[in-house]
Structures are given as C-alpha cells and as structure tokens.
Amino acid sequence: MKRSLIALGLTLVTMLVFTGCGPSEANKVQPPETKLAEEKVQEEAPVQVQDHIVVAVPQDPDYLDPHLAAASGTDEMMFNVFEGLVKSDSEGKLIPAVSSEYKVSEEGLKYTFTLREGIKFHNGKEVTIEDVAYSYKRIKGDVREDIVSAAFENVEIDVIDDKTIEFTLKEVNSGFIINLTKAVIPSDMGEEEHNKHPIGTGPYKFVEYIPSQKVVLEKFDAYWIEGVPKIKNVEFRIFADNSTALMSLLAGEVDMYPRLGTENIEMLTDDFYYIQGKQNMVQLMSMNNKVKPLNDVNVRKAINYAIDVDMIIKAVADGKGTKLGSNMSPAMAYYYQEGLENTYNIDIEKAKALLKAAGYENGFDITIKVPSNYEFHVNTAEVIAEQLKAVNINVTIEAIEWSVWLEEVYAGRDYEMTIIGLTGKLDPHNILVRYESQYDRNFMNYSNEAYDKLIAEALTETDEDKRAFLYKEAQKILTEEVPAVYIMDPDFIVALKHNLKGYKLYPIYVQDLSNLYFE
Amino acid sequence: MRYLIKKTGSAIITLVIVSFMTFGIFELIPGDPVTAKLGIEADQEQIEALIQEHGLDKPFIVRYKNWVISAIKGDLGMSLRFDEPVTKLIKDRVKVTAMLTILSLSMTIMIAVPLSIFIAKYNNKLIGILTSIATQVGMAVPSFWVGIMMTYFFGLTLRLFIPGRYVSVDDNFTEGMLYLFFPAVAIAIPKIATVIRYLRNAIVEQLEANYVRTAYAKGFVFKGVMYRHVLRNALIPVITIMGMMIADVLGGSLIIEQVFTIPGIGRLLVMAINNRDYFLVQGMVLYIATIIIGINFLVDLIYHWIDPRIKIETL
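Protein chains in written order, with numbering that gives the first Met the number 0: chain S, 0 to 518; chain Y, 0 to 314.
Derived by calculation from the structure, the hints in this document are not laboratory data.
Mixed in with the good hints there might be a few duds.
Claimed, not checked - In the SDA-like style, the derived pairs of lysine to any residue whose C-alpha atoms are separated by at most 20 Å in a straight line are:
(1) Lys87(Y) with Gln212(S)
(2) Lys213(S) with Asp170(Y)
(3) Lys195(S) with Val168(Y)
(4) Lys213(S) with Gly175(Y)
(5) Lys195(S) with Ala48(Y)
(6) Lys90(Y) with Lys136(S)
(7) Lys213(S) with Asp82(Y)
(8) Lys213(S) with Arg164(Y)
(9) Lys213(S) with Val166(Y)
(10) Lys90(Y) with Gln212(S)
(11) Lys87(Y) with Ile264(S)
(12) Lys213(S) with Ser167(Y)
(13) Lys313(S) with Ile264(S)
(14) Lys136(S) with Ala48(Y)
(15) Lys355(S) with Asn391(S)
(16) Lys277(S) with Glu144(S)
(17) Lys94(Y) with Ile209(S)
(18) Lys213(S) with Ala48(Y)
(19) Lys213(S) with Pro262(Y)
(20) Lys94(Y) with Ile264(S)
(21) Lys109(S) with Ile128(S)
(22) Lys87(Y) with Ile209(S)
(23) Lys213(S) with Ile161(Y)
(24) Lys195(S) with Asp82(Y)
(25) Lys213(S) with Glu83(Y)
(26) Lys119(S) with Met188(S)
(27) Lys195(S) with His53(Y)
(28) Lys503(S) with Asn194(S)
(29) Lys213(S) with Lys90(Y)
(30) Lys213(S) with Val140(Y)
(31) Lys195(S) with Glu83(Y)
(32) Lys195(S) with Ser167(Y)
(33) Lys57(Y) with Asp145(S)
(34) Lys213(S) with Tyr165(Y)
(35) Lys87(Y) with His196(S)
(36) Lys57(Y) with Glu144(S)
Small disclaimer: the values here were computed from a predicted structure and weren't measured.
Build out the structure end to end from the sequences listed, making use of the hints.
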C-alpha cells in the first residue's frame with residue numbers, strides 16, 4: 000500500500016517535470032479526435048451527419064427578453080431566435096422578415112408594412128398584427144416602465160387592418176427603419192416569461208440558458224424559409240478565457256470559434272479552416288479633444304503623422320486588417336469615403352514641425368487607458384507607445400478592467416487617450432453620430448458645428464445618394480480634424496471544423512447559424 | 000457552552016465586518032455594474048431603468064442597511080448580471096466545488112502523509128535535499144500553469160478527457176468524476192508539497208525527542224512509535240494547514256475552475272467581480288466567510304481530539 004502510494008507520488012512529480020516540455024510537442028501532434036469520431040460514425044451509419052453544433056462565445060447574455068437586451072454579445076446569439084418586421088442580410092441590407100413587404104411614403108413620414116402570410120411563433124401560434132403592434136408599443140414604452148426606447152418617441156403606431164400596420168413619424172428620420180429590426184414577440188405571454196423563456200419567429204427556438212455556462216437553441220421546424228435551418232441543435236458555450244476556448248476547439252469539442260486571434264491561426268490543424276473578412280469595426284485611438292494638449296488640432300495631427308498604421312496592422316494583426324482614415328469601414332461600401340486612409344502616412348519631420356508650432360517642441364507625457372481584457376488593443380497601445388517616442392511623446396499605458404473602462408472612459412470621459420474598437424452598425428447615422436457634440440456617448444469629446452449640421456441634415460434627407468454624399472463629407476471632416484487616430488478594421492476571423500460549411504460574415508455583431516451545414 | 004456562545008458571537012461580528020468591508024470596497028473601486036451588463040450600446044433610458052430596479056441610486060448606507068435586513072431573512076437579493084436569486088446561483092455551484100474539495104483533499108492526505116513518513120524514516124542528506132527541491136518546485140509552480148499543461152498533455156495529447164467539456168456527476172458519475180479528477184490533481188500538487196514540507200520536518204523533529212527513545216526502549220517497533228506517538232504530535236501544525244486548505248478550495252479554486260471550465264464557486268466569483276455584481280459578490284463573500292469560520296471551529300475540535308491536553312475553552 001505504502002509503496003504504491005509512493006509510486007503514485009513519484010509519478011505525479013515526474014509528470015510535473017515532463018509536462019514542462021509539453022506545449023511545443025503538443026502543437027505538432029494532430030488531434031485525432033474528430034477523425035476518430037468520424038470513423039466511429041461511419042462504422043455505424045455512413046450517411047448520418049452531425050446534427051448539433053457548439054459555438055464558443057465570450058460572454059453571458061445580459062437579458063433574454065429582446066426588448067430589455069442591450070449588449071451586442073446577446074445579439075450575437077439571439078439573432079437566431081428573434082426577428083423584426085425587417086432583418087439584416089449578410090451584406091447589411093434590410094430584407095423583410097415578419098413582414099412580407101413594406102413601403103415608405105413619398106415625404107418619408109409613413110412606413111406601411113404587410114404581415115407575412117402564415118408566419119408562426121415558436122409556440123406554434125400564428126403571428127397576428129396585434130402581436131406586431133404590441134411588440135413595438137412595448138419597445139416604445141407603453142407597456143412597462145423599465146422598457147423605453149427613444150427611437151420610437153415621436154412615432155405613432157397604428158393597426159390598419161389584420162394584415163397591415165403603419166408607423167407615422169413627426170419628422171423625417173432616414174435611420175428609422177433600423178429600429179424595426181427589433182424583435183416581434185407574442186402579446187399573450189406573461190411579462191416575466193419573456194425574460195425566462197423567450198419566444199420569437201427566428202430559425203431557432205430558445206431551449207435553456209444556464210448562467211456562465213451555455214445558451215441552448217433548437218431548430219424551429221415551422222420557420223418561414225423552407226429548409227432553413229439545417230443543423231438541429233445549437234449550443235453557445237460561454238468561455239470566459241480565450242485559451243480555454245481555443246483548446247476546446249482543437250480538441251473537437253467546439254465546432255466554431257468566432258474571433259480567433261490572428262496569433263492563433265497557426266495553431267489550427269487540418270481539421271479546421273478559417274474564414275476572414277472585414278467586420279465593419281473601427282479600431283481607433285481616441286484623443287480626448289477637451290484635454291490639453293490634445294485639444295490642439297496640430298498636436299492631434301502630429302500624433303497621426305508619428306504613428307505608422309501599416310506597421311501596427313503588421314505587428315498586431317499580422318497584416319489581417321484594413322487601414323482606415325476616418326470613422327467608417329469599407330464594409331459600408333455605399334457610404335464609405337475612399338482615399339482618406341493615406342492622409343497621415345508616417346512623416347516624423349512633419350510631426351515634429353507641427354508639435355513645434357503648437358509649442359510642444361520637447362514633447363510631453365501622456366497616458367493611454369486601454370481595456371485589459373482586449374489583448375488586441377493592449378498590443379496596439381504598446382506599438383503606439385514605442386512609435387511616439389520618436390517625437391518625444393512619452394506614453395504610459397494604463398491597462399484597466401472593462402467595467403472600469405466603461406465607467407471612466409466611455410461614460411466619464413476621464414482620460415487622455417484610449418484605444419477601442421467601435422463595432423459596426425447597419426446605419427451610417429448610428430456610426431457617425433458618435434462625434435455629434437450633443438451625443439451623450441461622444442467620449443472623444445469632439446465638437447464641430449459644421450459636422451453637427453451635416454449629421455442633422457443627413458438624418459432628414461430622403462434621397463439615398465444625397466445622404467451618402469453628406470456622410471462622406473462628414474468623414475472628410477473627421478480626417479481633417481482627427482479627433483482620433485483611425486487605425487484599422489481588423490479582420491474578423493472565425494475558425495470552423497473542416498466539414499462545417501455555409502458560414503456568412505455579417506457587417507454587424509451577429510452569428511447567423513441558419514445556413515450552416517455539415518458536409 | 001460558554002465556548003459556543005463566545006464562538007457564535009465572534010462569528011456574527013466577523014460576518015458583519017466582512018460584509019461591510021466588501022460593500023465599502025465596491026463603493027471605492029471604479030467600475031459600474033450597469034454598463035458592465037448592458038455594454039456600450041445601451042440607451043440612457045435602459046441604464047436608468049436598471050439602476051432603479053436594483054436601487055443603485057440610493058446612498059451607500061441605505062443600500063447596506065436594506066441588504067442586511069433582507070440577508071437576515073435569508074434573502075441575499077438578485078444578481079444584477081444574471082437576473083437570478085443569489086442564493087440559487089451559489090447553491091447550484093456549491094456541489095461541484097464541494098466534490099472538487101473532497102477529491103483534492105483526499106489526494107493530498109493519501110499522498111502527502113505516507114510520503115512524509117517515508118521520507119522522514121529514511122532521513123539522510125540526499126533525500127533531504129531532493130525532498131526540499133521537489134516540494135519547493137511543487138509549491139512554486141503556479142496552479143494555472145499546471146492546469147494548462149495538464150489540459151495539453153492529458154486532454155489534447157493523451158485524450159483522456161476533452162478540454163472545455165464538463166460532465167456533471169448527476170448525469171454520469173464515472174465520467175463526471177473523471178472531469179473533476181484532473182483539476183483536483185492540479186489543485187492537490189502544491190498542497191501536497193506544502194503538507195510534505197511541514198509534516199516531514201515535524202516528524203523528524205519528533206523522532207529526535209526523548210519520548211521516542213523511551214518508546215523504543217519499551218519495545219515498540221517503528222510502526223508503533225510512528226502511529227501511536229510521533230504522528231499525533233506532528234499532526235497539530237498540519238491540521239491547521241489542512242483547515243486553511245479546505246477553506247481555500249471550498250471558497251472556490253478561482254484559477255483552476257477557470258482553466259478547466261468547471262462551473263463552480265470560483266468561476267462565479269470571478270465573473271461576479273468582473274461585472275461588479277454587488278449582490279452576488281456580497282452573497283459569495285458571506286458564504287466564503289461562513290465556510291472559513293466553520294472550518295476554524297472544526298479545526299479547534301480536531302485539536303482537542305488529537306491532543307486532549309488542549310482544552311477547547313482556552314482556544
């Protein structure tokens with residue numbers, strides 16, 4: 000007995016030493032797991048294909064009730080459960096969903112929607128026009144005190160007949176229709192039920208949510224698009240830790256891992272492949288425009304000239320990113336102003352001259368606050384700190400917790416410089432309004448009358464081409480006045496099992512699972 | 000009896016101080032639970048609504064008072080982040096963490112005690128140095144590193160378990176135990192090293208004592224001397240360490256649970272703190288404090304049982 004225990008003890012000690020050379024060897028070994036699993040399947044029944052999928056996600060949903068939910072991490076999952084009158088396709092265009100068609104009156108004030116024939120909720124009941132009216136009135140704030148959205152503030156919602164609903168606006172708002180992507184839910188459910196067991200019309204129905212572990216969905220058989228979705232069971236598994244998520248993927252436990260870091264691409268074995276593309280994100284280094292010396296446009300320009308964005312893309316994203324020159328990603332092709340990205344190509348002499356003109360010939364000390372949970376942004380900060388040394392700007396990097404960043408930087412505007420990625424929106428207004436002087440989340444503290452005017456004008460413009468022109472002008476102002484250093488739209492990299500096909504990238508923060516299938 | 004009253008009294012005072020301090024610390028450190036939950040896209044209206052719902056707009060003292068009153072009634076409030084009662088969230092996770100504690104603790108005892116006796120028995124310079132190096136290394140390696148290495152080696156290379164998967168013991172006992180086995184080993188390694196360090200020294204010291212010579216003179220063999228006399232005396236400091244260890248693991252092995260994705264107390268606590276989930280952290284701190292007080296109480300009793308000369312009243 001004693002001997003065997005000693006042996007066990009020694010084994011443990013050896014193991015400790017042995018595993019010291021583990022990682023490099025483990026890398027070379029191809030995980031046979033998936034192959035084994037396939038062989039087994041083939042022995043039993045050759046035609047059988049995997050009918051469940053596990054997707055790695057980084058966070059819990061904030062609310063299951065779609066009208067309470069605000070976090071984009073929730074949207075990422077629940078995009079598969081809920082639909083509005085319209086929804087986004089993979090190109091960011093709005094397509095009818097719960098409605099079958101819609102028209103906008105000439106002056107741009109009336110939106111009339113026709114309910115899709117025979118569309119059903121997950122509980123099997125047909126969607127009625129009352130459900131639609133109830134849903135948007137609920138979002139507007141007519142049902143509960145804790146659900147209020149400013150988006151419907153001056154909007155009248157009228158049921159015309161049992162197939163038609165009309166939204167009447169007080170003034171033209173070209174961005175209004177985006178709000179109708181918000182979920183249509185049944186009107187005859189208990190209020191609390193929506194947050195416990197939500198029901199929608201999407202391709203997947205909600206099964207269960209276990210906090211900090213998983214969100215489980217199941218195929219909705221009566222979905223309005225025939226043959227969609229293809230995979231029966233879906234599990235979003237919550238990994239608070241990236242390396243654990245990666246290991247689970249390599250072990251074959253996870254089938255799909257969105258947001259794989261570029262540094263991990265080489266870890267992928269033949270059992271996996273990845274898709275990369277623009278994600279409509281703007282990674283930027285915001286310079287607090289109300290804080291000295293950043294309130295001086297010459298200083299901001301100097302910093303822009305001193306920073307080598309191409310180098311950052313190479314160093315931090317391994318070249319997998321699109322260089323930006325303003326607060327818009329080329330993923331928004333129709334609204335994107337081309338040719339701005341090379342305005343501030345690196346020029347140390349110019350930077351020095353500009354600093355001299357501003358009276359900072361000898362440089363200055365400055366702090367970048369960066370959320371520590373985003374390694375990508377922390378790495379970017381390190382490269383920038385190094386680059387700014389060339390013009391005697393001495394950078395201190397302060398890595399802070401996400402919740403602290405939200406409070407101090409995003410809400411409190413108490414910072415000098417910060418690096419963050421602004422996730423894409425479908426409507427250019429929602430992207431560019433961040434710089435409007437009255438906007439309450441304008442954390443760049445930027446203010447420019449001409450800019451405000453452009454944004455206001457574009458909002459009431461009904462002609463699409465003219466609207467796009469106005470937004471392009473706005474982008475030019477941002478490039479000219481540089482409230483921030485615009486860095487890149489980092490490529491979105493999603494790792495998938497080799498036989499999992501049909502993935503589509505969206506310009507918004509969602510994972511559409513409805514078209515995925517196993518080969 | 001007087002002992003019990005005294006102990007209960009000090010336990011209550013400790014809990015009050017601990018809970019007040021946690022509340023206070025959360026008041027001081029930056030970070031806002033509402034934006035942490037809703038993210039950067041939330042409307043001002045939504046933020047207001049959440050603040051109202053949880054009474055976060057009230058002054059610190061009022062919030063603390065409300066919390067204490069409902070805590071006395073057994074209601075620890077609702078988690079901000081998960082929208083579930085705090086007691087339920089904790090209760091769901093205690094079982095997993097408890098299993099992990101039992102498993103790692105039995106490993107520690109089963110390996111460390113015999114190994115210490117063995118090392119002490121054949122005590123010479125070489126063994127001494129080797130033990131000292133091995134225990135030093137065992138204590139020094141960070142447990143997250145051991146965890147990640149084990150995931151690589153046993154999970155990815157040897158395929159004994161699948162990283163990222165977790166099987167509940169309720170669903171499948173053997174498989175569930177397997178998924179707890181490796182994390183338990185990762186927790187046990189530094190603990191084993193610590194126990195060996197203390198126990199070996201204690202045994203060696205005791206073996207040189209006069210009563211040992213007397214015992215041998217009386218005709219006892221090594222076994223008798225060891226188990227009847229030496230071990231009893233040597234165990235006292237080890238019991239203290241073990242008590243601390245149990246409290247430590249039962250309070251959640253923060254890192255190991257994270258690395259092995261075990262849905263236990265530790266992972267919940269990390270998540271609660273990151274999200275500034277006041278009520279959840281508060282409830283968990285209360286739970287952990289209670290555990291530690293309880294364990295200390297047990298350690299007192301065990302002292303008395305091992306060495307009856309130690310009177311409970313004087314502790």
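Comparing the hints with the structure gives:
Between Lys87(Y) and Gln212(S) the alpha-carbon distance is near 15 Å, which keeps this suggested pair within the 20 Å criterion. Straight-line distance between C-alpha atoms of Lys213(S) and Asp170(Y) comes to about 16 Å, which keeps the hinted pair within the 20 Å bound. For the suggested pair Lys195(S) and Val168(Y), the alpha carbons sit about 26 Å apart, so the restraint of at most 20 Å is broken. Taken as a hint, the Lys213(S) and Gly175(Y) pair is honoured in the structure, with Cα atoms around 18 Å apart against an allowance of 20 Å.
Proposed proximity of Lys195(S) and Ala48(Y) is supported: the alpha carbons are some 19 Å apart, at most 20 Å. A C-alpha spacing of about 38 Å is found between Lys90(Y) and Lys136(S), which places the hinted pair above 20 Å, so the restraint is violated. Annotation: proposed proximity of Lys213(S) to Asp82(Y) holds, straight-line Cα distance about 15 Å (limit 20 Å). Between Lys213(S) and Arg164(Y) the CA atoms are separated by roughly 11 Å; this keeps the pair inside 20 Å, and the hint holds.
A distance of roughly 13 Å separates the Cα atoms of Lys213(S) and Val166(Y); the hinted pair therefore holds under the 20 Å criterion. With a C-alpha separation of about 15 Å, the suggested pairing of Lys90(Y) with Gln212(S) holds against the 20 Å cut-off. Between the alpha carbons of Lys87(Y) and Ile264(S) the distance comes to roughly 40 Å, so the proposed pair goes past 20 Å and is violated. Taken as a hint, the Lys213(S) and Ser167(Y) pair is honoured in the structure, with Cα atoms around 14 Å apart against an allowance of 20 Å.
Taking the CA atoms of Lys313(S) and Ile264(S), the gap is about 15 Å. The hint holds against a cut of 20 Å. In summary, the hint linking Lys136(S) to Ala48(Y) is supported, as the alpha carbons are separated by about 17 Å, within the 20 Å threshold. Among the hinted pairs, Lys355(S) with Asn391(S) is consistent with the structure: their alpha-carbon atoms are about 11 Å apart, no more than 20 Å. Among the hinted pairs, Lys277(S) with Glu144(S) is inconsistent with the structure: their alpha-carbon atoms are about 39 Å apart, more than 20 Å.
A hinted pair counts as satisfied when its Cα atoms are at most 20 Å apart, and Lys94(Y) with Ile209(S) qualifies at roughly 16 Å. Note on Lys213(S) and Ala48(Y): the hinted pairing is violated, with a Cα-Cα distance of about 26 Å set against a maximum of 20 Å. A C-alpha spacing of about 11 Å is found between Lys213(S) and Pro262(Y), which places the hinted pair at or below 20 Å, so the restraint holds. Proximity of Lys94(Y) to Ile264(S) is assessed by CA-CA distance (about 38 Å); at most 20 Å being required, the pair is judged violated.
The straight-line distance between the Cα atoms of Lys109(S) and Ile128(S) is roughly 17 Å, inside the 20 Å bound, and the hint therefore holds. Distance check on the hinted pair: Lys87(Y) and Ile209(S) sit about 12 Å apart at the alpha-carbon level, within 20 Å; holds. For the suggested pair Lys213(S) and Ile161(Y), the alpha carbons sit about 17 Å apart, so the restraint of at most 20 Å is met. A threshold of 20 Å between alpha carbons decides the hint, and for Lys195(S) with Asp82(Y) the separation of about 10 Å falls inside it, so the pair holds.
For a cut-off of 20 Å, the pair hint linking Lys213(S) to Glu83(Y) stands: about 15 Å separates their Cα positions. Taken as a hint, the Lys119(S) and Met188(S) pair is honoured in the structure, with Cα atoms around 15 Å apart against an allowance of 20 Å. Taking the CA atoms of Lys195(S) and His53(Y), the gap is near 19 Å; set against the 20 Å cutoff, the hint holds. This hinted pair does not check out: Lys503(S) and Asn194(S) have alpha carbons roughly 29 Å apart, beyond 20 Å.
With a CA separation close to 18 Å, the supplied pair Lys213(S) and Lys90(Y) stays within the 20 Å bound. For the hint pairing Lys213(S) with Val140(Y), the CA-to-CA distance comes to about 32 Å; that exceeds 20 Å, so the pair is violated. Distance check on the hinted pair: Lys195(S) and Glu83(Y) sit about 10 Å apart at the alpha-carbon level, within 20 Å; holds. Simply put, Lys195(S) and Ser167(Y) have alpha-carbon atoms about 23 Å apart, too far for the 20 Å limit, and the pair is violated.
As the CA atoms of Lys57(Y) and Asp145(S) are separated by approximately 18 Å, the hinted pair is consistent with the 20 Å bound. Taken as a hint, the Lys213(S) and Tyr165(Y) pair is honoured in the structure, with Cα atoms around 11 Å apart against an allowance of 20 Å. About 18 Å separates the Cα atoms of Lys87(Y) and His196(S), which keeps this hinted pair within 20 Å; it holds. This hinted pair checks out: Lys57(Y) and Glu144(S) have alpha carbons roughly 19 Å apart, not beyond 20 Å.
Hints 3, 6, 11, 16, 18, 20, 28, 30 and 32 from the list above are not met by this structure, while the remaining hints are.
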